[in-house]
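Using the hints, position chain Z against chain G.
Now for the letters of each chain:
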Amino acid sequence: MYHYNTNIMILVMNSASSDIIYLIYGQSVDMDWVEKYRPLHLEDVVGNGPAIRQMLDWASAWNKESRPLILYGKPGTGKTSSAYALARDMAWEVVELNASDQRTKAVIERVAGTSSTTGSLTGAKRKLIILDEADNLQGNADRGGARAILDVIKKSRQPIILIANELYDLPAEIRSRCDLVQFRALQARSVAPRLKYICSAEKRSCSDIALRDIAEEAHGDMRAAVNMLYATAIGRDQIVEDSLSTSRKDSRSSIFDLISGIFGRTDSEKLLRMSYEVDETPETLAQWIEANVTHLKDISQVTRAYDSLSRADEYLGYTYRQQYHTLWRYATALMILGVSDAAGSEGIHARISSPERWKRMGTYRKQKNVRINTLHSIAERLHMSQGTVKEGYLSQLGILIEKDPLGYAKEFSLDADGLNMFLHDKAKTQGVMKTIAAEEKAREKERDLLDKEAEKKRKSAERKKEPAPVQSTLPPEPAEQEPAPDEPKKTQKTLFDGF
Amino acid sequence: MMDDSHTIWIEKYRPQKLADIVGQNEIIERLESYVKSGNLPHLLFTGSAGVGKTTAAVALAREFFGESWHMNFRELNASDERGIDVVRNQIKQFARTSPLEGATFKILFLDEADALTPDAQAALRRTMESYAQTCRFILSCNYSSKIIDPIQSRCAIYRFRALGRDAVKEEIHRIATQESLTIQEDAIDAIIYIAQGDMRKAINALQGAAIISREIDEKMVYAITATARPDEIDELLDLSLKGDFEGAEAVLQKLLQERGIAPNELITQCYRVLVRRPLDQGLRVALIDQLGVTDFRLSEGANSEIQMEALIAGFVMLSRKYSS
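For the record, the sequence lines run as chains G and Z.
Letter by letter, the first sequence follows residues 6 to 504 in my numbering.
Letter by letter, the second sequence follows residues 22 to 345 in my numbering.
Mixed in with the good hints, there may be bad ones.
With a straight-line cut-off of 20 Å between C-alpha atoms, the simulated EDC-like cross-links for lysine to aspartate or glutamate are [said to hold, decoys possible]:
#	chain 1	residue 1	chain 2	residue 2
1	G	Lys431	G	Glu178
2	G	Lys159	G	Glu444
3	G	Lys275	G	Glu351
4	Z	Lys222	Z	Glu133
5	Z	Lys33	Z	Glu84
6	G	Lys275	Z	Asp301
7	G	Lys79	Z	Asp170
8	G	Lys431	G	Glu407
9	G	Lys79	Z	Glu150
10	Z	Lys222	Z	Asp41
11	G	Lys371	G	Asp430
12	Z	Lys275	Z	Glu256
13	G	Lys433	G	Asp422
14	G	Lys69	G	Asp184
15	Z	Lys113	Z	Asp132
16	Z	Lys167	G	Glu171
17	Z	Lys57	G	Glu207
18	Z	Lys167	G	Glu282
19	Z	Lys167	G	Glu288
20	Z	Lys113	G	Glu101
21	G	Lys159	G	Glu178
22	Z	Lys57	Z	Glu47
23	G	Lys41	G	Asp94
24	Z	Lys342	G	Asp312
25	Z	Lys113	Z	Asp101
26	Z	Lys167	G	Asp174
27	G	Lys79	Z	Asp140
28	G	Lys302	G	Glu351
29	G	Lys371	G	Glu178
30	G	Lys373	G	Glu385
31	Z	Lys57	G	Asp242
32	G	Lys41	Z	Glu150
33	G	Lys446	G	Glu458
34	Z	Lys190	Z	Glu32
35	G	Lys439	G	Asp422
36	Z	Lys240	Z	Asp255
37	Z	Lys275	Z	Glu253
38	G	Lys69	G	Glu449
39	Z	Lys167	G	Asp284
40	Z	Lys167	G	Glu222
Calculated from the structure, these hints are not laboratory results.
Only a predicted model underlies this, so the values are computations on that prediction, with no experimental measurement involved.
Next comes chain G alone, as it looks inside the complex (with noise of 0.2 Å):
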């Protein structure tokens, strides 16, 4: 299905400007695999082609008017990978900025302000900026690096890509500038092949069931397979199943056998130790027994599960407001024996569910940060605390946004999301963005365009002061001379017009 023809490899070694090269060559034995197998190329990536077909398109149209993209998605996805193989497929040069880094305003704008705004004017040599981890930003030691993300990408005049596992967790206004790449996680089916290559490049022998067990236990993550098969084959000449029992990604599935444990007819003994085994907080397991609670069949069982459920829950708010671990115990306990008690050992006969408010979570998480940052930019403009905002304004400001949506969307400078929040109705909430959109369009254009005419006003000053020794002293340098023929002209232009 997948396939590795050797010149792959072989146009690896060959490209001489790549560490990775150096790396293979210098210290093969200690470099770890998904280091190794990196896909150096897009064609070398496995999966998500849309997302990659959607980079290529916007990498060979890229001019200085488009947008930045958002690569995001789950770990091990391939985004990161993808951002250096697009740079090095188009030849152009990375700077990259992560979390690890300090990433205060001034570093930020130090590193890619000026990578981003100098360039050659011929445009020879382009800079891609790779912000990774964008998505962590929060907290006081990053503080200013949201806004400095947001003015490198406003001055930028090179390609610009963020990375972030949470889309959501950027803030909204560096979302609404940006194009929008999705990354999926991986199908075992095309993890297993990958893991077969490498299997063979490393001289290995291995099972394909042992294989399709880890691209299965991977959950998608390609990072994580890798990993998984590189801490199994270290030492190893051959892999079979026996050798996977532990080097693998946390497996969840465990939480299955808990549940229909807890329904069924299983000892308390071996109950609580099974919620051991899967390694879960007990949040997480009160969740999982919530969304199975449905399935009895009887209401006063329902009504006797949700009693247990609830006095777990209080032991779980004790827990932390205490910050006594040990109360944790009961919190747990009370879930699981008390549901299982209230089911009566009668087994579980529909498919256990997985937590409801998982699927939701998504969205939750989406509206809470819309409410956080229009709140945020509201709070700063009136210069008042977000909960007087809250409190004492949002309704009235409610009926203001309603009566004039453009005024005040461009006043609290509110991205689609905020003004949705006041307006319930997205066909109204585009057309305003549409027609703010529109006006920014306008006022860069025409920003772009005196920036342009001083420039030339100022070259043509210049050249007006000394004339003679320009053309004289500095004969060798094609590049710079190269515009001149048009010079005149255009100043004379642009004289013109100012009179």
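Using the frame of chain G, we list chain Z on its own:
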């Protein structure tokens, strides 16, 4: 022998070699093969206290680096320093500098990594990747679910299990022999009961008992660890559940006053028995809830004498309610 009577045994008898670690055979076998091949991925050790996570990490470093292990190995406890600045400063500083004495990489052992804030974990994940050439990370934690997915994705995960009877027994015998102690079989059972799979607790109990005498019996073990014997707990519960408040109250007073057992410890021991004991499931749940209420009130600073009496009274009432 008397010279090092001041040494803490958990340090004195901490296994130096991977092969000496008991009760985690599968994991140890994998770690040894890393040493043999000279390769090491990032590792995540999960498991409860006293099951060998730290010991395995230190032993691994010794076997990788030999004499120079001190120079290439650093141990940090994340619960002491849990902010993002630790990752950005201390950890990065260690990770970025080259390994010494011809080693191909260093090892950073981050204990209690689940105490790191999510921000700090996010910063850590990148550091792990950026400096993988010079530094391998071993993270340890009690709950792997508290470690963010991007880090789990970068590690090989090893789950250390609570130590079984045999593993604790073997180690206690080994130490007893070296210290020339005679230890009775029931004393070993007592140590296993107290330890609950935690080797540190087991060895501490042994050293405590050895202070009293070189011939160790069950009584000394329970006395030195201020733990009630299982039969004492059974007696307390039997009486309460029979509805004999006076009898149960007398046992309670004996345990608290004469034996000097802490209320918390008593609650924990009752909890363990209640989970296991054959009981009506509804009654079991109600009794555990009662225990929880008491534990919570004690944690809020309530008077332990009153609360423990109330606990027993509550047990009596509940048993009456469920028997009718």
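Structure-based check of all given hints:
About 18 Å separates the Cα atoms of G:Lys431 and G:Glu178, which keeps this hinted pair within 20 Å; it holds. Distance hint between G:Lys159 and G:Glu444 is fulfilled; the C-alpha atoms sit about 15 Å from each other, no more than 20 Å. Of the supplied pair hints, the one linking G:Lys275 and G:Glu351 holds, its CA atoms being roughly 17 Å apart against a limit of 20 Å. A threshold of 20 Å between alpha carbons decides the hint, and for Z:Lys222 with Z:Glu133 the separation of about 18 Å falls inside it, so the pair holds.
Between Z:Lys33 and Z:Glu84 the CA atoms are separated by roughly 18 Å; this keeps the pair inside 20 Å, and the hint holds. Restraint check for G:Lys275 and Z:Asp301: the C-alpha separation of about 16 Å stays at or below 20 Å, so the hint holds. Restraint check: the Cα-Cα separation between G:Lys79 and Z:Asp170 comes to about 9 Å, which is no more than 20 Å; the hinted pair holds. Proposed proximity of G:Lys431 and G:Glu407 is supported: the alpha carbons are some 13 Å apart, at most 20 Å.
At roughly 17 Å between alpha-carbon atoms, G:Lys79 and Z:Glu150 fall within 20 Å of each other, so this suggested pair holds. Restraint check for Z:Lys222 and Z:Asp41: the C-alpha separation of about 18 Å stays at or below 20 Å, so the hint holds. For the proposed pair G:Lys371 and G:Asp430, the alpha carbon gap of about 17 Å is at most 20 Å, so the pair holds. The suggested pairing of Z:Lys275 with Z:Glu256 holds, with an alpha-carbon distance near 12 Å, which does not exceed 20 Å.
The suggested pairing of G:Lys433 with G:Asp422 holds, with an alpha-carbon distance near 12 Å, which does not exceed 20 Å. For the hint pairing G:Lys69 with G:Asp184, the CA-to-CA distance comes to about 14 Å; that is within 20 Å, so the pair holds. As the CA atoms of Z:Lys113 and Z:Asp132 are separated by approximately 16 Å, the hinted pair is consistent with the 20 Å bound. Between Z:Lys167 and G:Glu171, the direct Cα distance comes to roughly 17 Å. Compliance with the 20 Å bound is thereby established for this hinted pair.
Between Z:Lys57 and G:Glu207, the direct Cα distance comes to roughly 17 Å. Compliance with the 20 Å bound is thereby established for this hinted pair. A distance of roughly 14 Å separates the Cα atoms of Z:Lys167 and G:Glu282; the hinted pair therefore holds under the 20 Å criterion. With a CA separation close to 12 Å, the supplied pair Z:Lys167 and G:Glu288 stays within the 20 Å bound. In summary, the hint linking Z:Lys113 to G:Glu101 is supported, as the alpha carbons are separated by about 17 Å, within the 20 Å threshold.
With a C-alpha separation of about 11 Å, the suggested pair G:Lys159 and G:Glu178 falls inside the 20 Å cut-off, and the hint holds. Distance hint between Z:Lys57 and Z:Glu47 is fulfilled; the C-alpha atoms sit about 16 Å from each other, no more than 20 Å. As the CA atoms of G:Lys41 and G:Asp94 are separated by approximately 18 Å, the hinted pair is consistent with the 20 Å bound. Between Z:Lys342 and G:Asp312 the alpha-carbon distance is near 18 Å, which keeps this suggested pair within the 20 Å criterion.
As the CA atoms of Z:Lys113 and Z:Asp101 are separated by approximately 17 Å, the hinted pair is consistent with the 20 Å bound. A C-alpha spacing of about 19 Å is found between Z:Lys167 and G:Asp174, which places the hinted pair at or below 20 Å, so the restraint holds. For the suggested pair G:Lys79 and Z:Asp140, the alpha carbons sit about 17 Å apart, so the restraint of at most 20 Å is met. A threshold of 20 Å between alpha carbons decides the hint, and for G:Lys302 with G:Glu351 the separation of about 10 Å falls inside it, so the pair holds.
Our distance criterion of 20 Å between C-alpha atoms is met by G:Lys371 and G:Glu178, whose separation comes to about 14 Å. Between the alpha carbons of G:Lys373 and G:Glu385 the distance comes to roughly 18 Å, so the proposed pair stays at or under 20 Å and holds. At roughly 13 Å between alpha-carbon atoms, Z:Lys57 and G:Asp242 fall within 20 Å of each other, so this suggested pair holds. In summary, the hint linking G:Lys41 to Z:Glu150 is supported, as the alpha carbons are separated by about 12 Å, within the 20 Å threshold.
Between G:Lys446 and G:Glu458, the direct Cα distance comes to roughly 18 Å. Compliance with the 20 Å bound is thereby established for this hinted pair. Between the alpha carbons of Z:Lys190 and Z:Glu32 the distance comes to roughly 18 Å, so the proposed pair stays at or under 20 Å and holds. For the given pair, G:Lys439 sits about 13 Å from G:Asp422 by alpha-carbon distance, which is consistent with the 20 Å threshold. A hinted pair counts as satisfied when its Cα atoms are at most 20 Å apart, and Z:Lys240 with Z:Asp255 qualifies at roughly 17 Å.
Using a Cα cut-off of 20 Å, the hinted pair Z:Lys275 and Z:Glu253 holds, with the two alpha carbons roughly 10 Å apart. For the suggested pair G:Lys69 and G:Glu449, the alpha carbons sit about 12 Å apart, so the restraint of at most 20 Å is met. For the hint linking Z:Lys167 to G:Asp284, the alpha-carbon distance of about 9 Å falls within 20 Å, and the restraint holds. Between Z:Lys167 and G:Glu222, the direct Cα distance comes to roughly 19 Å. Compliance with the 20 Å bound is thereby established for this hinted pair.
Figure legend: structure checked against the earlier numbered hints; every hint is met.
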